[in-house]
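One-letter residues, chain by chain:
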Amino acid sequence: MAWLGHFNYWIFVFLMMAGFYTVIARGNLIKKIVGLNIFQTSVFLLYITMGKVSGGTAPIVPEGGSEGVVYSNPIPHVLILTAIVVGVATTALGLALIVRIHEAYDTIEEDEIQDIEENANTLENSGGQAS
Amino acid sequence: MTGSIAIIAALLVPLIGVLGIVGARHKPNLRETVTLVTATCLFILVASLLTPVLSGARPSVTLLEVLPGLSIAFEVEPLGLIFALVASLLWIVTSVYAIGYMRGHHEKNQTRFYAYFAVALSSTMGIAFAGNMFTLFIFYEVLTLSTYPLVTHSGTAAAKKGGRTYFGILIGTSIAFQLLAVIITYVTVGTLDFTQGGILAGKASDVVIGLLLLLYVFGVGKAALMPFHRWLPAAMVAPTPVSALLHAVAVVKAGVFTILKVSVYIFGLDLLADIGVRDFLMWLAAASILIASVIAIRQDNLKRRLAYSTISQLAYIVLGAMLATEAGIVGGAMHITMHAFGKITLFFCAGAILVATHKTEISDMKGLGRVMPITMTAYTIGALSIIGAPPMGGLWSKWMLGMAALEAGEVAMIGVLMLSSLLSIGYLLPVSIQAFFNTPDPQKDGKPVFKEAPALSVAALSFTALGCIALFLFPDPLLHLANLIVAPVN
Amino acid sequence: MRHHLVLRVVAKLLIPLIMLFALYVQFHGDYGPGGGFQAGVIFGAAFILYALIFGLDNAQKVVPSGYLMALVSAGLLLYAGVGFAAMFKGGNFLDYGVLAGDFIAGQHLGILLVELGVGITVCAVMIVIFFAFAGRGNGDEEDDDIATSPDLSPDSSPNSAREV
Amino acid sequence: MIAAHLPALQIAVPLIAAPICLLLRRENLSWAWATFISWVVFALAWVMLEKTLTGGAFNYELGGWEAPYGIEYRVDALNAFILLIVAAIGAVVMPYARASVAREIPEHKRGLFYTAYLLCLTGLLGITITGDAFNVFVFLEISSLSSYALIALGRDPKALTAAFQYLIMGTIGATFILIGIGLMYQMTGTLNMADLAKRLPAVEDTRPVLAAFAFFIVGVCLKLALFPLHLWLPNAYAYAPSVVTAFLAATATKVSIYVLYRFVFTIFGQSFSFDVIPLESILLVLSLAGIFAASIVAIFQTNVKRLLAYSSVAQIGYIMLGVALVSVAGLTASILHIFNHAIMKGALFLCMGAVYYQIGSVKIEDMNGIGKKMPFTMFAFVIAGLGLIGVPLTVGFISKWYLITAVLEKGWWPVAVLILLSSLLAVIYIWRVVEAAYFKAGDSDDVVVKEAPVSMLIPIYVLTGASVYFGIETSLPLGTAAEAAKQLMGIGG
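Protein chains in written order, with my numbering: chain A, 574 to 704; chain B, 6 to 495; chain C, -12 to 151; chain D, 8 to 500.
Do not take every clue at face value.
As the list claims (entries may be wrong) - Simulated coverage check for chain D against chain B, where a stretch passes if three residues somewhere in it have a Cβ under 8 Å from a Cβ of chain B:
id: 1; stretch: 201 to 209
id: 2; stretch: 235 to 243
id: 3; stretch: 431 to 442
id: 4; stretch: 476 to 482
Stated by the list, open to error - Non-contacting residues of chain D with respect to chain B, defined by C-beta distances greater than 12 Å in every case (computed):
id: 5; residue: D163
id: 6; residue: P215
id: 7; residue: V225
id: 8; residue: P399
id: 9; residue: F404
Treat the hints as calculated values from the structure; they're not laboratory data.
Note that the structure is predicted; figures quoted are calculated from it, not measured.
Virtual Cβ for every residue (Gly too), placed ideally from N, Cα, C.
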């Protein structure tokens, strides 16, 4: 049962795959962004997991000196804080794009957008002027 | 020192001519004068190199070094000089002819025509004087690029289709095979300089050398060796002066010139003689000679017939190179000149017929001898020269090639040469017979009236026809120069 | 919004507290958990809450979008300015040690200023994003800066994050 | 004083310039400021390259924290060269941008455009200069996020879907890189590249390191658009504003390739990357497939920008082929082609920007007869196009020459033949444009189409001139590339 001991890695793998699958399989752009978020979150978990030292505490020097105190590694937390910010920015930008796409195409379903784009292509090729 | 200046000048003069031509685009007379002056200057420059080369000097100049051992450099040696002399002399003649033809035929975009013509000549000079394979390759490609607008000059769908074939085969073979060969040579030898006696001997295994020979010969698509010959008939969509100068002289001769040059200065005759695939290439050249001749007989369009004849004649020169004897090289070099004069005459005549009577098919040319006596006489002279009959210059080069085959012990090749001479009678002379001995169809053509092409064109084709005879009477200077290729003066 | 009386009252009570907490997180960041990112988000949340309860127009009266853009820039400039100041004082870029008299004081000053810059930018960016999305479709079509504004947030993060 | 802080200034200057640009609020001021900063950045990159070539590599410890604890910037011949490419393209493109942006981007977004451009520049420079693995990810995201925004500014609504697609794929790629870096950190406890290189060999047989390598390679190949992970690229380049396309095509994928070099050769080390894992065979197959597939697809494009984008995918194949050779000669060719391709593709896309500026389209059928109407632009296009084909006396020839020489050195004859054959495909797709421009008659009653403004022509000709100049005078790029390749392979330097 040793593999159960690393359950946090299993969660990471499960979330990563779930998110990744959603990004690939879903045609709805919002759902894609949701999937992307889950995917990124799984990586946050990976980093936080690796910072944990068993028995470790928050890396704050307690009153009266730090003799014999075990700390968790704070670096992964700091790193992932940056990654979270990046994730927020990506999400915001992705959603902003979806808003604009919705305005331009009136839909946020990938296949419908593709149909519209292909129709536009055939129209252009049959003599229509590119805008 | 003056030699190197002359080389640079020979490259630049046509380009300066381009500026003049474009500058004078609104004044046709001035524009044509610029062309003629440029052509004359070029010929004088090239001719000025004759004396030093005959006395054994090799004027050279290095422009720049792109990579170590890879430079743009020029060196004048006898073979290149022969080629440059022929091309520059015939440029003058062709320019004279073109003035009559282009105006008589009311072609459009004449400025573009003259400008690209000059660019093509500049790159021809670059090929002729190239001091290493890299330089030659560059100018080879420039020549292809600069002649594309000339081939597609008329702008019709047929012209574009022909142009694409032309461009595709020439660029394709040169990049896929020739460039590869150049790079392999560079990697194995470390230099690409043309050196008397070759640079490859002892530097690579037999397999590699055999492969290189195949790559070089097939990589030079301009030599129109079968199976890479299709561009030449395709290029016949071009205006006649283009076909005449470029596809009888500059472009195709650049091809066979490259093969001769590679044989002598990259492989060296001694090494070449030992290569196994040389035999195969020799037979391929022989097959090219015969097959192209047979195809030529079946063509009714005069220009196409001449195109196939060119393919056949070019294979003579490849054959000469592949014999790997000194006489073969000398014969090849002489054939460059002889064939140039003969074939340009024939093309001039085809163009003159087109301008004067708008006829392109041989079957329509009955009784043309009475309408255009000068043209048709010149045609007959040119045809006899190509066939190799006395008293025309073509005799000498065929003679040399025959001797070379004998010397190399390839008796079968003599048979091929004889047979092809017969075939060339079969495809060239019927036109003369048609013109002089058949009476025209009175219902279709009406009463024959004397109607020659524009005077300038007639003058040009008469000049080249006389050239064929002159080369028969005075072949010595040429022979002397050609002999210098294989036996340099020390 | 008149009938959401409870919400309005509670929000009015909470917003100052949220802001105060944000400031605590901000300025306590160099001793304990906290820092510019967290504080910025919390501070921005206060404004967003205000906008949710009292409407976008009222919120935009409090912080016009022109100011917001200025704030986004200002935070980043403060951050980079500290870096340059360190450079002019003879240290490396972002070397806080040289900012004040002694090393420790310099580190304090440096991290406080940098985190303040981060906090301002993050807060402003959060509000900008919210305004941009919320303002969309309200006849506010021409103001579609949303495509470019979010990318302002990560750039303040990279270098400071490691020093938190 | 400045000399000591060059690496920090290289990043800090454009970084601090971005918010100032935002504050300027006036289109012309923003443009002037962004241009000025681009040139400052270029000068800095130039000085740094000189410094590395004469004095060797040097470090800069950010915040005074000693490596491997703090973030370190490290400049050696390789990244100084890449920095110079990025900065030079930025400096050349900005003077061009003014007219082009005025035509293609709505007025109220132009200030933001220049801000996003500066951020993108910062990100790209940052990826290149940093000596810290995690910092690579951060800068990668800065440049990516700003480039998503820049691409979305294109006029065609397809720009939005293209940007979205890029965002999804780019984020997946970046997250994969993040996972790779995380696993590496987990195994070694360090993020400093030099330190990682020292510590990885001890644990290189473990599965986390193998997983890290796999995640990293896939992620970075997504970013650099190696076939078949290139799907985001064609639309993104085709529909982005012209300036953005030129800038990104010349820099963004190149910087990702640099990341690949750095991790594969410096950090994982060539014995791990190529002996333990057969990376070279994978790269060889994919790059050859990419060269051919992308070139063939390019032939059938009707939109010239899309055509050039597919050509970029093919050219990336050449660059990766050089990596797959795992030799000094191969890497030299690869690095050289980064430089050369940046120049050529930059020039080509700028030409298309000028065409779009005048006729509002970059479709081949709309470009009939444009050679007469815009002679200078199309002449530059032809010259740069010849470079792409690999015609002698252009930069394209030099890199192809080196690539083939390197291939022959390995004795891979068929590959050399394939490279040459693929040049023929380039001939076809460039020729299609040339044929339309010069040999097809355009509408004579067309509205009068004039030559592009001088402010656009000068940058075009700077790049075109460079593509010829460096095709003849090869010592600078060649010397630097050879030096960088030697350092990567661990020989000398």
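(request) Would you check chain B against the stretch 476 to 482 of chain D, counting CB to CB pairs closer than 8 Å, and say if three or more residues qualify? (result) holds (count 4)
(request) Can you take a look at whether the stretch 201 to 209 of chain D is actually covered by chain B? Rule is 3+ residues, C-beta closer than 8 Å. (result) Since 0 is below three, the answer is violated.
(request) Test the statement that V225/D is away from the interface with chain B: the closest C-beta pair must be farther apart than 12 Å. (result) 34 Å, holds
(request) Hey, is D163/D genuinely clear of chain B, shortest beta carbon separation above 12 Å? (result) 31 Å, holds
(message) Quick check for students: does the CB of P215/D sit more than 12 Å from each CB in chain B?
(response) 43 Å, holds
(request) Please settle this one: F404/D was flagged as non-interface, so is its CB more than 12 Å from every CB on chain B? (result) 8 Å, violated
(message) At least three residues with a C-beta closer than 8 Å to a C-beta of chain B: is that true for the stretch 431 to 442 of chain D?
(response) holds (count 4)
(request) Examine each Cβ of chain B, and state whether all of them lie more than 12 Å from the Cβ of P399/D. (result) Incorrect as stated: the minimum Cβ-Cβ distance to chain B is 4 Å, not above 12 Å.
(request) Take the stretch 235 to 243 of chain D, compare each residue's beta carbon with every beta carbon of chain B, and decide whether three or more fall closer than 8 Å. (result) Our answer is that it is violated, as 0 residues pass the Cβ test (under 8 Å) against chain B, missing three.
When held up to the earlier numbered hints, the structure conflicts with 1, 2, 8 and 9 and fits the remainder.
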